[in-house]
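J.: Now for the letters of each chain:
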Amino acid sequence: MVLDIRHLRMEDSAEFEKPAMATDAGESAEPLEEGMEQLLERAARGTTPGEQAHAVEQLRQILPSAEGIETLWTILDAADDPRRLIAVQMLGFHRQWLSSRSRLRQAVALANRERDPAVSRALVWCLRQRSEIAEFLQHECDGAAREAALGLPLNRQTLPHLLTALHNGCRATETSVDRRQVERVLLGKLRSIHPSLVRDLVDFLLEKGWEEGEERLLALFETLPQLPLFEIFIEGQQLPDWDPQQDENADRSRVWQQLVRAAQQVMESGPASDLVRHLLTRSGEDDAFARHHARFLPKILRQAKVEEGGELVSHLERLTFRASEDKVARLAQLLVELCQRLDGPAGTQAASLLEAWKGRSADLRLKIYHMQQGLAD
Amino acid sequence: MADGLYALVQAAELLALPTEPCVESKRRLLEEFLLNPFLDDDIQGLALRAGMERAAVEKDIAELCLDGLLKEVGQRGYALDPEGIGSEAAEVVEVAEVVEVAGVVETTEEVGGVEASEEPPSQTEELRESHPSLGLVLLRADGQPELVDEQAASWLGLPAEDLNAAAFEAITGIDPGLMLGGAPKICFTLQEPHPLTVTLQSCALGGESGVLIALQDVALHVEMAAIHAHVQEELFTRCRDEMVEPMLLIQQFLDDPDNGDLGQTRAALEHINGFLEEFLLNSPGGGGAEAAPSDAS
Numbered sequence: 001m002v003l004d005i006r007h008l009r010m011e012d013s014a015e016f017e018k019p020a021m022a023t024d025a026g027e028s029a030e031p032l033e034e035g036m037e038q039l040l041e042r043a044a045r046g047t048t049p050g051e052q053a054h055a056v057e058q059l060r061q062i063l064p065s066a067e068g069i070e071t072l073w074t075i076l077d078a079a080d081d082p083r084r085l086i087a088v089q090m091l092g093f094h095r096q097w098l099s100s101r102s103r104l105r106q107a108v109a110l111a112n113r114e115r116d117p118a119v120s121r122a123l124v125w126c127l128r129q130r131s132e133i134a135e136f137l138q139h140e141c142d143g144a145a146r147e148a149a150l151g152l153p154l155n156r157q158t159l160p161h162l163l164t165a166l167h168n169g170c171r172a173t174e175t176s177v178d179r180r181q182v183e184r185v186l187l188g189k190l191r192s193i194h195p196s197l198v199r200d201l202v203d204f205l206l207e208k209g210w211e212e213g214e215e216r217l218l219a220l221f222e223t224l225p226q227l228p229l230f231e232i233f234i235e236g237q238q239l240p241d242w243d244p245q246q247d248e249n250a251d252r253s254r255v256w257q258q259l260v261r262a263a264q265q266v267m268e269s270g271p272a273s274d275l276v277r278h279l280l281t282r283s284g285e286d287d288a289f290a291r292h293h294a295r296f297l298p299k300i301l302r303q304a305k306v307e308e309g310g311e312l313v314s315h316l317e318r319l320t321f322r323a324s325e326d327k328v329a330r331l332a333q334l335l336v337e338l339c340q341r342l343d344g345p346a347g348t349q350a351a352s353l354l355e356a357w358k359g360r361s362a363d364l365r366l367k368i369y370h371m372q373q374g375l376a377d
Numbered sequence: 001m002a003d004g005l006y007a008l009v010q011a012a013e014l015l016a017l018p019t020e021p022c023v024e025s026k027r028r029l030l031e032e033f034l035l036n037p038f039l040d041d042d043i044q045g046l047a048l049r050a051g052m053e054r055a056a057v058e059k060d061i062a063e064l065c066l067d068g069l070l071k072e073v074g075q076r077g078y079a080l081d082p083e084g085i086g087s088e089a090a091e092v093v094e095v096a097e098v099v100e101v102a103g104v105v106e107t108t109e110e111v112g113g114v115e116a117s118e119e120p121p122s123q124t125e126e127l128r129e130s131h132p133s134l135g136l137v138l139l140r141a142d143g144q145p146e147l148v149d150e151q152a153a154s155w156l157g158l159p160a161e162d163l164n165a166a167a168f169e170a171i172t173g174i175d176p177g178l179m180l181g182g183a184p185k186i187c188f189t190l191q192e193p194h195p196l197t198v199t200l201q202s203c204a205l206g207g208e209s210g211v212l213i214a215l216q217d218v219a220l221h222v223e224m225a226a227i228h229a230h231v232q233e234e235l236f237t238r239c240r241d242e243m244v245e246p247m248l249l250i251q252q253f254l255d256d257p258d259n260g261d262l263g264q265t266r267a268a269l270e271h272i273n274g275f276l277e278e279f280l281l282n283s284p285g286g287g288g289a290e291a292a293p294s295d296a297s
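Keeping their order, the protein sequence lines are chains A and B.
Position 369 (the first sequence) corresponds to 369 in my numbering; numbering is contiguous.
Position 7 (the second sequence) corresponds to 7 in my numbering; numbering is contiguous.
Same shape as in the complex, but just chain B (with noise of 0.2 Å):
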């Protein structure tokens, strides 16, 4: 059982990986409730077991008890919540739907446990449309392919087919083998051949190791970023030609009065409120006139 359910659970973990980087040690605290479901471990015991303070142990298993995936159990003892991971594992069953939509290469009959539906629902639509920037990729201990997205076998540039493990080191230049030793998550991102956020995270696969590779689509974002940049070098060019000068000028006069012209400066200082009303002080209503200095005095 534990190990279906492990894996289904990660699966669902991984989606959140962008977002919630911080459910590290939840995630290692199920997953010793995961494999082994009988587990009678107090806190303490909890605490040695995943290498984490008490306190954090407290408060994550009071989090994971309010997310309905543990339960109290007699006095100081925890348990899988029945009703929570029966849900929990619905909605993974609808996500490993959205992958079946996705397009997933499967090299076995079953994932994590679950068989993979023919016909998706169309429930499963709305979920893929909610998550259309991710990829996932399962690899086997041999560096083999368990489960390719196709959307991320095309982000790295390769036929579905041809995704494995030495493929994914020829492209990154992370073997993937490294965290079949349990390493720590690694996160880091990729320019080519396609701007990529991506995660690798070892995981059981019926028994074995295996490594979660999860991509996300950051195209956007770095192409928000070069608009963000591309303005933002604009603004500082109209800057430095509009106000710079003028703004000597003034200083000049303020300098030495009696030898500076009013006029020349009055000029100045009427091109900065130009400027001024023209990037910052206009309203959306068009009366950014009124609020420009100039017109104050």
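Isolated chain A (complex conformation) (with noise of 0.2 Å):
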């Protein structure tokens, strides 16, 4: 159980004529609802801003009963109500209705046939974190269409719908300020994107293809989590249904050979520091995986970031303890690239550490001595 102190947080703005509040209670729902469109009234039409934002404020806190949200409906319906704009963005806050299909319908349709582009986007921005806003990324208003794109959740459901808009925002031949703010904020959102949904939305690329150059691919890469880049491009763990090599399709094996070489040249021009580690990893623990990367891991490593240089070489130390001679041995190719890059305490470190794998025997002495003098396979 807990105390209800709401009451208590509205008398404290008791500047302006305080309302009665719309609650569930529902014992004296006539006045509260008419508290609640006085406050609409005076954010609508308030003769000073300050009045306007006290009426904001109390809005946010109120808590409207299912007739206050009736309420709020009936504005929005009202064509020429000067209270909808305030009406549609207090239901995008207090949104309680979204559990009702009907009315997520109506607020889609409405959003969908609305001329207002300020009523247009607050309507979007109600159904934010709700797959169906996904339908409003391409939206002719350009403020919905951004407000879909901040509200977007990223699922299997939603990707289909982002980079169909990325791709088509591309293909835009006037892009304007706000249409590229919408590919910017859809690029930021892909940071984010949960590794185990890359491998759907190369899924999708495959099928639909990319047609807007290598540029805008890279840019798109480059906002993707890289090692399941590694593990479908790279390592060849293909995709479910479908393998490269015995597909007869040759528009798909073009796009499969385009998304390759745009993830390669990802990986290899920024590598992500959780690739490098797990590639590190990797090349210790499996004499084969090493070999078969033996050209693309040095390239990884001569672009690892210098300042992520220390962490790695700790990394290596933790990987190389108590290991075999075999493993230090691969491991240190790595190192001896990577000291190539290094300089200061890190430099020092990676030095360091080379110095006491050559301690361990002659034969490594010798091995690590031929690799750093070039001379080794």
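Misleading hints may appear alongside valid ones.
[Stated by the list, open to error] Derived lysine-lysine pairs resembling DSS-like cross-links, with alpha carbons at most 30 Å apart:
{"no.": "1", "chain 1": "A", "residue 1": "Lys189", "chain 2": "B", "residue 2": "Lys59"}
{"no.": "2", "chain 1": "A", "residue 1": "Lys305", "chain 2": "A", "residue 2": "Lys189"}
{"no.": "3", "chain 1": "A", "residue 1": "Lys367", "chain 2": "A", "residue 2": "Lys327"}
{"no.": "4", "chain 1": "A", "residue 1": "Lys189", "chain 2": "B", "residue 2": "Lys71"}
{"no.": "5", "chain 1": "A", "residue 1": "Lys189", "chain 2": "B", "residue 2": "Lys185"}
{"no.": "6", "chain 1": "A", "residue 1": "Lys305", "chain 2": "B", "residue 2": "Lys59"}
{"no.": "7", "chain 1": "B", "residue 1": "Lys185", "chain 2": "B", "residue 2": "Lys59"}
{"no.": "8", "chain 1": "A", "residue 1": "Lys305", "chain 2": "A", "residue 2": "Lys358"}
{"no.": "9", "chain 1": "B", "residue 1": "Lys185", "chain 2": "B", "residue 2": "Lys71"}
{"no.": "10", "chain 1": "A", "residue 1": "Lys305", "chain 2": "A", "residue 2": "Lys327"}
{"no.": "11", "chain 1": "B", "residue 1": "Lys71", "chain 2": "B", "residue 2": "Lys59"}
It should be emphasised that the hints constitute simulated quantities derived from the structure, not laboratory data.
Source: prediction; values computed, not measured.
Put the two chains together into one complex, using the hints given.
T.: See the structure below:
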């Protein structure tokens, strides 16, 4: 049981006339809704901005009853009511009505046919973090499209909409500032995509293709987590229902090659730290892996962020604690590559580690020496 | 609510434009709350919304809270602060009155949701005096004026009634319509017909796009710069006349003391000392002679 203290907060703001609040209790619904309407009136047409802001503050604190929500929908339905924008923004703030499927459908329909850009934008904002918002990514009103991008939840259902919007946005010959903002927001959203969704994204791209050139594709891939990109495109963990070697569809094979090139380029030009650590770990553990990616690994290490050098050297040190000579030898080759790019404390740390490894055996000492002289295979 | 308030706060910011160009990021954040005062984004959401780094948003939000324009609500949310917005708006109403005093020609009854007062209070005179070098023009999306400061019109060499987007473009070569797409603020200087710094910025006018043009009179700056340049030029000319030749004589003596004329060299040194005393070493109290090197020797 929780003590309801909302009314105490309301008492604090006593500068303006206090309207009765709408609550779920429903004891005196009529005067309560009247209070809310007064506040809406004040927020929409107050004589001073301060009064308007006070009214908005109280509308935020109110918890509207079912009747209150009904009132807001009624205001929204009245095309010439000046309180429409405030009403829809309030509906977006108090979203208990979203549990009703019919209300949700109504909001989607209204957002689709709304002519007022501000109301349209606010209606789309009401749908934030709902999958239904995805259909507004290409809305003719730039503000609504921007709200759709900001409120878009990333999941299997919305990902195709996002990619289509990015693709079509790129195609537009005259891209407005707001549309570019939509693109920026969508790319920003992709930075936090769950790794498991990358496979779906690749699947979609394979299906629909990408006609907008390498540069745009690189911009898209740069936002994605690199570990799943590596697993799909480099390590060859194929998509579940498709094998590029067996596919007779030339177009899809072409797209696949395009995607592989882009993924490889993104990883080689700016490898993420989690990818580098993963590669070091796997190389130490698995000789076949290290051999298979013998060309790729040095390229990655040459581009690894120098500022993370110390951390990588520490990671190598942990990996080789009581490790076999074979494992140390495999990792030594990578450390020698890394060592060439490091200076300062990280460089000293890397050189010390190499010296420590050399001390393990005469054979290892010779191997590392050859690696340092560039004489190793 | 949002549109009127938004226009007012923008107008207030406009006054600060010449001195506070770094206000842009805070303006963008505040704009989001003014467009939707029910916004419930956290810092991360606001960063995505404004296209800014999270740390920058944190800093700007903290400053907006300190300024009393925003306040924290709940655990991670923010909202407009009615107290701060109220006082800010009061200031802006006064500013609007200043514009009225300056002789604003209004084409509509309302400016930013606030009706202009018919009789300006005496306080507005003080405010008008505190911003004598600023002129404002508000243009609608169709290029027609929403509000024209007569001062601004006169600086541009036009009657206030004739000032619109086309006339502005003819005078400055810049089409205000370029700003309608939400383009970044443009700032440039103008020498003719009057020395001005001109700032163009997109804004909202009753739910539609508009363009705010701020004109700052820089005639005094130009005059000061000219005087400064003249004084500098005069000093350099005197330096050349009074110092170069004597220095050459001294140099010749030092290069070949056996064949040099000591008396002439001493005279050259005293000439230089005299010049330095006149321009640089004389103290306001007239004690420059005591500081002169010749006296010291």
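J.: Next step is simple, just say for each hint if it's right about the structure.
T.: Do the hints match the structure? See the list:
no.	hint	in the structure
1	Lys189(A) - Lys59(B)	22 Å, holds
2	Lys305(A) - Lys189(A)	24 Å, holds
3	Lys367(A) - Lys327(A)	13 Å, holds
4	Lys189(A) - Lys71(B)	27 Å, holds
5	Lys189(A) - Lys185(B)	27 Å, holds
6	Lys305(A) - Lys59(B)	28 Å, holds
7	Lys185(B) - Lys59(B)	22 Å, holds
8	Lys305(A) - Lys358(A)	26 Å, holds
9	Lys185(B) - Lys71(B)	28 Å, holds
10	Lys305(A) - Lys327(A)	24 Å, holds
11	Lys71(B) - Lys59(B)	14 Å, holds
When each numbered hint is compared with the structure, no violation occurs for any of them.
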